[in-house]
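Colleague: Sequence:
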Amino acid sequence: MQETMQKLAELKVRLISATDFYTVFDYFYDHISEDEHFMDMSTPTQNDFLQQVLVTCAQSALKQSVIAVSQMMMLYAEDAQFYHGGAWFNYLIANFFYFEDIDAGLMALVIKPAGNETLIARFSIQALDQPKKPSKN
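Numbering of the sequence shown is given in the numbering used here, commencing with residue 904 and proceeding in unit increments.
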């Protein structure tokens, strides 16, 4: 489990400092997503606010005001304060992850699988009318 937590810490650093978000998702897919300990520490959950932020990202990326969400699978790794999962947004597949402790995440929306077109957005979910939580770092 310690190795998994180290990989998540590395992902967090990459997320914060990245200018190329494709490499951040590559790291997640290559080093974390299929890690047995990572999957064991993840449990199904629902976070309506996070889901709405993901919808807003899809609206912006697709330049569409109506987004239909289906087959949302959201998981939460409590020890890492980390959400991850995937869903369909207007028949396009998306994957995401979000670090709760630093209020930062990434969403990848696959536009043309055969053409290798993927849109990636970095996001936060802090409500504008609420103060930001102090960092635990």
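Among the hints, a few may not be true.
To be verified - DMTMM-like, lysine to aspartate or glutamate: derived pairs with alpha carbons at most 25 Å apart:
no., residue 1, residue 2
1, Lys966, Glu906
2, Lys910, Asp929
3, Lys910, Asp923
4, Lys966, Asp1004
5, Lys1015, Asp943
6, Lys915, Glu939
7, Lys966, Glu937
8, Lys910, Asp943
9, Lys915, Asp929
10, Lys910, Asp1006
11, Lys1015, Asp982
12, Lys910, Glu981
13, Lys1015, Glu939
14, Lys910, Asp938
15, Lys915, Asp1004
16, Lys915, Asp951
17, Lys915, Glu1003
18, Lys966, Asp933
19, Lys1015, Asp923
What the hints assert, rightly or not - FRET-style restraints, in silico, Cβ to Cβ:
no., residue 1, residue 2, range
20, His940, Ile1014, 16 to 26 Å
21, Asp1004, Asp933, 17 to 27 Å
22, Val969, Met904, 35 to 45 Å
23, Gln967, Asp943, 19 to 29 Å
24, Lys966, Asp943, 31 to 41 Å
25, Ile1005, Thr959, 18 to 28 Å
26, Gln1029, Thr922, 17 to 27 Å
27, Glu906, Asn993, 36 to 46 Å
28, Asp1004, Tyr932, 18 to 28 Å
29, Thr922, Asp982, 22 to 32 Å
Read the hints as simulated data drawn from the structure, not as lab findings.
C-beta: ideal position from N, C-alpha, C; glycine also.
Colleague: Which of the listed hints are broken here?
Modeller: 1, 4, 5, 7, 11, 13, 18, 20, 23
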